[in-house]
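Take a look at the letters that make up each chain.
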Amino acid sequence: MGIEARNIDKRFGDFVALDDVSVDIPSGGLVALLGPSGGGKTTLLRVIAGLEQPDSGTVTINGEDATRLSPQRRNVGFVFQHYAAFKHMNVYRNVAFGLEIRKRPKPEIHRRVNELLELVHLEGFAHRRPAQLSGGQRQRMALARALAVEPSVLLLDEPFGALDAQVRKELRTWLRRLHDDIHVTTCFVTHDQEEAMEVADRIVVIAGGKVVQVGTPDELYDHPADDFVMSFLGPVTKLDGRLVRPHDLELFDASAPGTSPATVTRVVRVGFEVRVDLDVAGSEAWVQVTRDTAERLGLRDGVTVHVRPIEGAVTVAVATPNAPTTDETS
Amino acid sequence: MARWTLRLVALAYLALLLVIPLGIIVNRTFENGAGAVWDSLNEPLARHAFQVTLQVALWAVLLNTIFGVGAALLIVRYDFPGKRIFNALIDLPLAVSPVVVGLALILVYGRLTPVGSWFGDQGIDIIFALPGMVMATAFVSLPLMVREVVPVLEEIGVEQEQAAWTLGASGWQTFRRITFPSIRWAVAYGLVLTLARSLGEFGAVAVVSGRIVGKTQTITLYVQQHFENFDKTGAYAASFALAAIAVVVLLIMNLLRPKEDR
Amino acid sequence: MSDLSLTEAPPETAGPQASGLRHGRVGMGLGLGLATAYLSLLVLIPLGAVVWRARSDGWGEFWEDVTNRESWAALKLTLVAGLLVAVINVVMGTLIAWVLVRDKFFGKRLVDAVIDLPFALPTIVAGLVLLALYGPESPIGIDLAYKQSGVLVALLFVTLPFVVRTVQPVLEELDQEMEQAAASLGASNFTIFRRIILPNLYPAIAAGAALSFARAISEFGSTVLISGNLPFKTEVAAVSIYGQIQSDNTNAAAAVSTVLLVVALVVLALIDLLQRWAVRRG
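Chains as they are written, first to last, in this note's numbering: chain A, 1 to 330; chain B, 1 to 262; chain C, 1 to 282.
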């Protein structure tokens, strides 16, 4: 159940947007499609919604083959990055739209709209026009509008992309809580790894039109399939031709088994951690250490240290460019 | 210094070309008092001319509004082979002299043509009758509605319509509830432009109507006929009426224009 | 789950607004068919008939119809007047647009609105209005009736808005910081106008001029009263065509019409190319 997309191909002219992409979104789950801009994730979302037709492949929604259905018949809620608010209607009419199309009786519409406005904390805004709302409020209205018709699936296309950082963080948390309450199968697209890690149960990393890796946030962070996923999902630095997390490196003032000598080029305090830039045999790398460690080792420009990955650190070989490996875990 | 000169030159040009001549006409029209003007406009032939003009104009507006909104939707929301040519052809009427419009219609729909004579046998006259005049008027005002609606459709974008689809609205429901309300000011503006152009058409209807007094004479043809027959009063009165309509149209255009920029 | 491939037409390019929905195509097909039918029956076929009729007696006859003394005189007058009007409009139109955009004075909005009057006023009324000031009963004694200058004034009237309305928006959007930068580098006002502002206006001016020209050569109603339509003297092409129609010389009428059509189309195609070039310049 939930959503199953199988072997989706989509081209725009010469440009391959999706190349044999298959994705599962479990019923009631909250999945993020994460990847760089232009990588195909929005296209996939729109194919699931029926706003684009795939060249080949199938889309199944709750057990029903939806590939040939128009968006009207798929019962998916869709939230756009720029809200797509009906500018000439007030908030009430916006949210009521789907119910009016379905010719529900007025009292029922009234009840449901007010219910939803409460849910998204827009009670009292019913008679405002979208132009009178802030970006965050407009997006909440868009969400209420999509939820009003009780869709089986909720799709969000970079829903917080047009908002400022503070509002983004608030809405992120809010979306997670909303999902915990409502449990509608949800899939959202984002290029912000922090957002994906914070909100989603599972993340599908899509780049270059292909699925690169699928897993929980922890799985992706701790066991990245390749160098692309590793560098996309968190900070990385290169040591001995391998990528490793800067906080997984340890420094010594004398040589030890497995260490390489390095010269400190810069020491910067970032919050309560310290970032140490190193020159390791001509290459640049950086290490994240605590303030204590920095003081203990007397780290400053020009000091020589010895560095190695800690025991059990995850490292990934740096592949040749343009070669994200396809890795599917169910 | 230069500023004053420029301003003076501009205003003088406009005065000599537009304002003063207009003022003189208004003056001459009311030389014998407003009563005379009113009487002149109330004469049966004048009233008939107004009726004919209005009838023809309204039909032309109706046809071009339907075509205009439809063509705008096609151009902005769809891709099809030959779209660029289709788009360019819509502007064609702008390049055609009104007299040529009349000639063109006579050549295809005149009494002696296959089409014209077939209709004639059914008792329907196209040329030298209202249908031909409607066609001529629709021809010259064709691009106006399309060109007003296209930029607005482009600007509002397709996302609201897609949102409506995902909420279950059919194509027609989406048009009625989402698309049309978003373009209504552009349509209103286009309607006013089309109506003004249709009311004022002269050359094309001069050719196509046969200028049959009391039957196919529009108010513009009326002006010409009465001026050439030295009925200055009648000509001026009708001209004044047309000029007054033009001024009202101008006012409405200026009131609506800021709204369409919203 | 079997792998279903869509047996469908090749995928649509993601045009900026094109909706990729399959079910929308039926509606589109119907709409397109109706729109094309309307366009053909009203515009394309009749215009085609004109060109067809023009050469129906052969090209020799066509040439004769166009180059006989009367038609040729009318065409010459029309084209020359059109060019003259375009030039005058370039100067005056740009000037007026400048005053409207950069100057401030009481009643400016009214003046701005008045510019559109020639769009809204029927051409026959325009002719009558101009006769009031420039005809036999002129209060200032200028009588241009039956003169070529009368024709010119009529054409200037009807083409007034064109250059103004194409230049105005460009002037309004012009980034004044460019001018400020030039001033800070020592350029005089005139230099700024000539080397900073004017080059940015060229496409708009050219487009307006071309529209003026196309409109002027097609003009009929406003010239009918003031010019007296004297053949070889003040008869413009449109009036000549009208006369031919009245005399049942439809072939001759069609011939001169075709010439006018071709000239106007060439001019409009030029505007389109010009605008395309302007867009590429940025």
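Just so you know, the hints here were simulated from the structure itself, not pulled from any lab data.
Careful: at least some of the hints might be erroneous.
A few chain B residues facing chain C, derived, Cβ under 8 Å [claimed, not checked]:
#1 71
#2 181
#3 243
#4 249
Coverage of chain B stretches by chain C, computed from C-beta distances (three or more under 8 Å per stretch; other residues unrestricted) [as the list claims (entries may be wrong)]:
#5 29-41
#6 47-61
#7 83-89
#8 118-128
#9 198-205
Quick caveat, the model's predicted, so the values are computed rather than measured.
For glycine and all other residues, C-beta sits at the position ideal for the given N, C-alpha and C.
Structure-based check of each hint:
The beta carbon of residue 71(B) comes within 5 Å of a beta carbon in chain C, closer than 8 Å, and the hint placing it at the interface holds. The interface hint given for residue 181(B) is violated, since its Cβ lies 18 Å from the closest Cβ of chain C, which is over the 8 Å cut-off. The beta carbon of residue 243(B) comes within 6 Å of a beta carbon in chain C, closer than 8 Å, and the hint placing it at the interface holds. Below 8 Å, beta-carbon pairs count as interface contacts, and residue 249(B) has one with chain C at about 5 Å; its hint therefore holds.
Only when three residues or more bring their CB closer than 8 Å to a CB of chain C does the claim for the segment 29-41 of chain B stand; here the count is 0, and the claim is violated. For the segment 47-61 of chain B, the stated coverage by chain C is violated: 0 residues have a C-beta nearer than 8 Å to a C-beta of that chain, whereas at least 3 were required. For the segment 83-89 of chain B, the stated coverage by chain C holds: 3 residues have a C-beta nearer than 8 Å to a C-beta of that chain, and at least 3 were required. Look at the segment 118-128 of chain B against chain C: 0 of its residues bring a Cβ nearer than 8 Å to a Cβ of that chain, fewer than three, so the hint is violated.
For the segment 198-205 of chain B, the assignment as covered by chain C holds, since 5 residues bring a beta-carbon within under 8 Å of that chain's beta-carbons and 3 suffice.
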